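2 protein chains.
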Amino acid sequence: MADVRKQWLDLVNKYMLQPDGPANDRFWVPELETCSRDRIKDIQEEKLLLCVKFLYECSPFYREKFKKAKLHPSDIKSLKDLPKIPITTKTEMVEDVKVNPPWGTYTTVNEEIWSRRGWMMFATSGTTAAPRAFRHTLHDRDIWAWNDARAMWAMGIRPGDIALIAFGYAPHVFFWGVHYALNLMGVPIIPRGSLDTRRTCMFINTFKPTILGATPSYALYLGDVMKEMGYDPAQSSIRIIITGGEPGATIAATKRRTEALWNCELHEFYGCTEASQTAGGYTCQYQVTQKDGPVCDHLTEDIQIWETVDPVTMEPVPLGKPGLSVVTNLFSEAAPLARFLIGDYTVLNYDPCPCGRTHALAVGGFYGRADDMLNIRGITMFPTAIEEAIRGFAEVGDEFQIVVSQEKMLDVLTIVAEPRPDVPEKDYPKLAKRIQDAVRLMVEIRPNVDLKPYGTLPKTEIKAKRVFDQRKLG
Amino acid sequence: MADVRKQWLDLVNKYMLQPDGPANDRFWVPELETCSRDRIKDIQEEKLLLCVKFLYECSPFYREKFKKAKLHPSDIKSLKDLPKIPITTKTEMVEDVKVNPPWGTYTTVNEEIWSRRGWMMFATSGTTAAPRAFRHTLHDRDIWAWNDARAMWAMGIRPGDIALIAFGYAPHVFFWGVHYALNLMGVPIIPRGSLDTRRTCMFINTFKPTILGATPSYALYLGDVMKEMGYDPAQSSIRIIITGGEPGATIAATKRRTEALWNCELHEFYGCTEASQTAGGYTCQYQVTQKDGPVCDHLTEDIQIWETVDPVTMEPVPLGKPGLSVVTNLFSEAAPLARFLIGDYTVLNYDPCPCGRTHALAVGGFYGRADDMLNIRGITMFPTAIEEAIRGFAEVGDEFQIVVSQEKMLDVLTIVAEPRPDVPEKDYPKLAKRIQDAVRLMVEIRPNVDLKPYGTLPKTEIKAKRVFDQRKLG
Numbered sequence: 022m023a024d025v026r027k028q029w030l031d032l033v034n035k036y037m038l039q040p041d042g043p044a045n046d047r048f049w050v051p052e053l054e055t056c057s058r059d060r061i062k063d064i065q066e067e068k069l070l071l072c073v074k075f076l077y078e079c080s081p082f083y084r085e086k087f088k089k090a091k092l093h094p095s096d097i098k099s100l101k102d103l104p105k106i107p108i109t110t111k112t113e114m115v116e117d118v119k120v121n122p123p124w125g126t127y128t129t130v131n132e133e134i135w136s137r138r139g140w141m142m143f144a145t146s147g148t149t150a151a152p153r154a155f156r157h158t159l160h161d162r163d164i165w166a167w168n169d170a171r172a173m174w175a176m177g178i179r180p181g182d183i184a185l186i187a188f189g190y191a192p193h194v195f196f197w198g199v200h201y202a203l204n205l206m207g208v209p210i211i212p213r214g215s216l217d218t219r220r221t222c223m224f225i226n227t228f229k230p231t232i233l234g235a236t237p238s239y240a241l242y243l244g245d246v247m248k249e250m251g252y253d254p255a256q257s258s259i260r261i262i263i264t265g266g267e268p269g270a271t272i273a274a275t276k277r278r279t280e281a282l283w284n285c286e287l288h289e290f291y292g293c294t295e296a297s298q299t300a301g302g303y304t305c306q307y308q309v310t311q312k313d314g315p316v317c318d319h320l321t322e323d324i325q326i327w328e329t330v331d332p333v334t335m336e337p338v339p340l341g342k343p344g345l346s347v348v349t350n351l352f353s354e355a356a357p358l359a360r361f362l363i364g365d366y367t368v369l370n371y372d373p374c375p376c377g378r379t380h381a382l383a384v385g386g387f388y389g390r391a392d393d394m395l396n397i398r399g400i401t402m403f404p405t406a407i408e409e410a411i412r413g414f415a416e417v418g419d420e421f422q423i424v425v426s427q428e429k430m431l432d433v434l435t436i437v438a439e440p441r442p443d444v445p446e447k448d449y450p451k452l453a454k455r456i457q458d459a460v461r462l463m464v465e466i467r468p469n470v471d472l473k474p475y476g477t478l479p480k481t482e483i484k485a486k487r488v489f490d491q492r493k494l495g
Numbered sequence: 022m023a024d025v026r027k028q029w030l031d032l033v034n035k036y037m038l039q040p041d042g043p044a045n046d047r048f049w050v051p052e053l054e055t056c057s058r059d060r061i062k063d064i065q066e067e068k069l070l071l072c073v074k075f076l077y078e079c080s081p082f083y084r085e086k087f088k089k090a091k092l093h094p095s096d097i098k099s100l101k102d103l104p105k106i107p108i109t110t111k112t113e114m115v116e117d118v119k120v121n122p123p124w125g126t127y128t129t130v131n132e133e134i135w136s137r138r139g140w141m142m143f144a145t146s147g148t149t150a151a152p153r154a155f156r157h158t159l160h161d162r163d164i165w166a167w168n169d170a171r172a173m174w175a176m177g178i179r180p181g182d183i184a185l186i187a188f189g190y191a192p193h194v195f196f197w198g199v200h201y202a203l204n205l206m207g208v209p210i211i212p213r214g215s216l217d218t219r220r221t222c223m224f225i226n227t228f229k230p231t232i233l234g235a236t237p238s239y240a241l242y243l244g245d246v247m248k249e250m251g252y253d254p255a256q257s258s259i260r261i262i263i264t265g266g267e268p269g270a271t272i273a274a275t276k277r278r279t280e281a282l283w284n285c286e287l288h289e290f291y292g293c294t295e296a297s298q299t300a301g302g303y304t305c306q307y308q309v310t311q312k313d314g315p316v317c318d319h320l321t322e323d324i325q326i327w328e329t330v331d332p333v334t335m336e337p338v339p340l341g342k343p344g345l346s347v348v349t350n351l352f353s354e355a356a357p358l359a360r361f362l363i364g365d366y367t368v369l370n371y372d373p374c375p376c377g378r379t380h381a382l383a384v385g386g387f388y389g390r391a392d393d394m395l396n397i398r399g400i401t402m403f404p405t406a407i408e409e410a411i412r413g414f415a416e417v418g419d420e421f422q423i424v425v426s427q428e429k430m431l432d433v434l435t436i437v438a439e440p441r442p443d444v445p446e447k448d449y450p451k452l453a454k455r456i457q458d459a460v461r462l463m464v465e466i467r468p469n470v471d472l473k474p475y476g477t478l479p480k481t482e483i484k485a486k487r488v489f490d491q492r493k494l495g
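If you're matching them up, the sequences are chains A and B in order. Start counting the first sequence at 22; every next residue gets the next number (the numbering used here). Start counting the second sequence at 22; every next residue gets the next number (the numbering used here).
A hint or two may mislead.
The list treats identical chains as interchangeable, and a pair is accepted whether it falls inside one copy or across any two copies.
Stated by the list, open to error - Derived pair list, reagent style SDA-like, types lysine to any residue, alpha-carbon separation capped at 25 angstroms:
{"no.": "1", "residue 1": "Lys486", "residue 2": "Asp217"}
{"no.": "2", "residue 1": "Lys111", "residue 2": "Met223"}
{"no.": "3", "residue 1": "Lys91", "residue 2": "Met335"}
{"no.": "4", "residue 1": "Lys91", "residue 2": "Asp102"}
{"no.": "5", "residue 1": "Lys229", "residue 2": "Trp124"}
{"no.": "6", "residue 1": "Lys89", "residue 2": "Asp63"}
{"no.": "7", "residue 1": "Lys473", "residue 2": "Glu132"}
{"no.": "8", "residue 1": "Lys91", "residue 2": "Cys293"}
{"no.": "9", "residue 1": "Lys484", "residue 2": "Thr218"}
{"no.": "10", "residue 1": "Lys74", "residue 2": "Thr55"}
{"no.": "11", "residue 1": "Lys486", "residue 2": "Arg219"}
{"no.": "12", "residue 1": "Lys111", "residue 2": "Arg220"}
{"no.": "13", "residue 1": "Lys248", "residue 2": "Ile483"}
{"no.": "14", "residue 1": "Lys484", "residue 2": "Met223"}
{"no.": "15", "residue 1": "Lys248", "residue 2": "Val424"}
{"no.": "16", "residue 1": "Lys312", "residue 2": "Gln28"}
{"no.": "17", "residue 1": "Lys486", "residue 2": "Met223"}
{"no.": "18", "residue 1": "Lys27", "residue 2": "Gly181"}
Just so you know, the hints here were simulated from the structure itself, not pulled from any lab data. Just so it is clear, the structure is predicted and the values come from calculations on it, not from any experiment.
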């Protein structure tokens, strides 16, 4: 058991090239980032075969899963055998933790490893449900930092930058890896932590950070507070905003709005607590500056295998077709999940990005988890599509709500939004009509539009809660 | 200029022994922690001579100060010449920042160094005044982590421990060094960050951390919320509380109260933003468990020189006499301050501690900054003495206020406190009388005692604001 762990860590470290700094000004690790697809597949295959053994020996959850599927690690002989491994869902992990509190059995980290080289515990957010906890080791920290540094190098972050990280530093995955990656890059940090928003604005104005780390919602909120305080965010020192927690750079209207507000480039990290704690996906400078197509996320394929599957059959979908994201982690000591269903929709594409990177692209990013999808009168839609429509109106503020209710037997979609203070109330009906049309164009359904005076809706600070599905209450 | 910086870092690194782990179960670095006073002085002297050159060449603030004093680095030939360097006060640093915003000129870190190997910016707290900022480098991070790990080893923190750090992770010095030190020790962390207090309690109950990091005020508050939620803090997994930001373990009644509430050992770190960002002082296991004398803080003399000076003349006081704390930092790349007046009262003692460590002890800890000292009717006193008296009453809750007002020409001291809910209101007068007597015994003045129903006073979460001197308003 100790043997396979050591073999696993040795293999992961073998491919952790350029651990201390970038190779050149374009790529942190050109050998990995620009290699051929065959080379990517070879690395994935070498790692997958050992990873499966490691999981079988060190993760009781996976051993059980393999046994149920009458699968033995020796049955995984090449990358082609990957689909033999049954997909793992969040529900299975929740059930496992219920039976085996508080940690569950999915992890390969036991009490002994945890107590000798533990790094940090992370937990799912939410205030009512029992938290689900994820323990990671110092090895995981190093590889997160390295991989996030690669991503930030692709975003164009360089020595001379100073990062203000507007992150609460609670035990949530989001931004802890980025924090250590900035350490690795020698990019100094001003950690916001519990600092209040007005003081954060004062710090931006006084100490001139060039990078802002925040959720997309908070970036908009912070810009608004800057204005209230008499600072112009577009004239500030911020030149790049890095986001996580929600889609940002891949929603065109949100991207335009944020970039105009701050006069900057908007980038995003993609991942989730369970499976992709370091940047699974990230935008490069080419993607966020091009004008001709959807913004795509790069996927780091030398440390993860990405698939898209059919939401019903869970079978891989053909290339170019939308499917749900599934990830196999090939880097973690603590949680090397195999075929975990993250569950966001995307389309994979293997064309090299004009930036020079050859790994898969998620076309248009990841647009909403399948379980966030709304079904209204039989029509399915993502809240992100509605966001895209609303954010297209410059005269509408950043806060909005999507309310779904039922009148008699009919589903009703209502958009609550706030015109900016300079829009006279007499113009509300005309604006409401235009919003109605724009949303209908996006999602086929004509919504009610309820415009409220600016400042009525609660301000979103961190992750936005925008969807209120009142049908479930009935 | 580059030369002396390199020489300085090389010298600091030469004495950074055992950078990766402890030498044995008692001492992280026995060669440094248990060495003779002569050896300590030799190390200090070697470092001081080079430090003075480094300051002269790289800190415009100190070059100016030296020139004004007609002092050249070559005038500092041995440790005996230390008093030739004029003392630096907080006021001088404030003035310097006013003239040279936003960083001031005290630091040896210029834009070039900062942009290539910056770590983090720290700032003084407070919501109205302009923040004063302190930049530190990756080198500083490593030495903070190492020194804080030495301190935590002395406190008895060991592999197998899990630390819940109830720290807001704002850009304040407090606990960032401890965080990285726990990483160095392989002690896993549950970072509280912006997590709410009730959820923090749930995490303690579910994930069983053994170490709690918090301000003394927050440790008491958290224990109370644990009780409200039906968890008994005395039965929890917490075995050691490490505190900073306010005196804790060295105030006997606060120590007894916290240790009884949590059934644990209470330890403290001592320092301040400007001068002693890593543990200047810390308690060892002997000090917090002995019953016979005041709890003393250890001072890390191989990386700092500690003096006590007369509050009026600023001349060194004789050994065994109380004086104000003055520190010379012999470890920092960014801020190696020479003879900085921290300004807390203490008594230095060079007797070896029974734990085996030979560095100076601050007898009874550091009891309040000179500028926090109250003068009431010509009698000077520290709020900590009043705290000691109040905390001695088990029937009184954790919150209290010290109000100083003026009636006609007379200063009036009022203690506002909250009897616990099980104290019947009819017993208030008797209790007030006993508190009056206890405070008078401590500070000579008979206060008014104003007892309010439990829960009336605002709950202190982080640093307590206890003194309300209304005379200054008049």
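Hints versus structure:
no.: 1; hint: Lys486 / Asp217; verdict: both (21 angstroms within a copy, 18 angstroms between copies)
no.: 2; hint: Lys111 / Met223; verdict: between (41 angstroms within a copy, 22 angstroms between copies)
no.: 3; hint: Lys91 / Met335; verdict: within (19 angstroms within a copy, 80 angstroms between copies)
no.: 4; hint: Lys91 / Asp102; verdict: within (14 angstroms within a copy, 79 angstroms between copies)
no.: 5; hint: Lys229 / Trp124; verdict: between (42 angstroms within a copy, 11 angstroms between copies)
no.: 6; hint: Lys89 / Asp63; verdict: neither (29 angstroms within a copy, 68 angstroms between copies)
no.: 7; hint: Lys473 / Glu132; verdict: neither (54 angstroms within a copy, 48 angstroms between copies)
no.: 8; hint: Lys91 / Cys293; verdict: neither (29 angstroms within a copy, 61 angstroms between copies)
no.: 9; hint: Lys484 / Thr218; verdict: both (15 angstroms within a copy, 19 angstroms between copies)
no.: 10; hint: Lys74 / Thr55; verdict: neither (29 angstroms within a copy, 48 angstroms between copies)
no.: 11; hint: Lys486 / Arg219; verdict: both (22 angstroms within a copy, 22 angstroms between copies)
no.: 12; hint: Lys111 / Arg220; verdict: between (39 angstroms within a copy, 22 angstroms between copies)
no.: 13; hint: Lys248 / Ile483; verdict: within (19 angstroms within a copy, 30 angstroms between copies)
no.: 14; hint: Lys484 / Met223; verdict: both (23 angstroms within a copy, 22 angstroms between copies)
no.: 15; hint: Lys248 / Val424; verdict: neither (29 angstroms within a copy, 39 angstroms between copies)
no.: 16; hint: Lys312 / Gln28; verdict: neither (46 angstroms within a copy, 51 angstroms between copies)
no.: 17; hint: Lys486 / Met223; verdict: between (27 angstroms within a copy, 24 angstroms between copies)
no.: 18; hint: Lys27 / Gly181; verdict: between (38 angstroms within a copy, 21 angstroms between copies)
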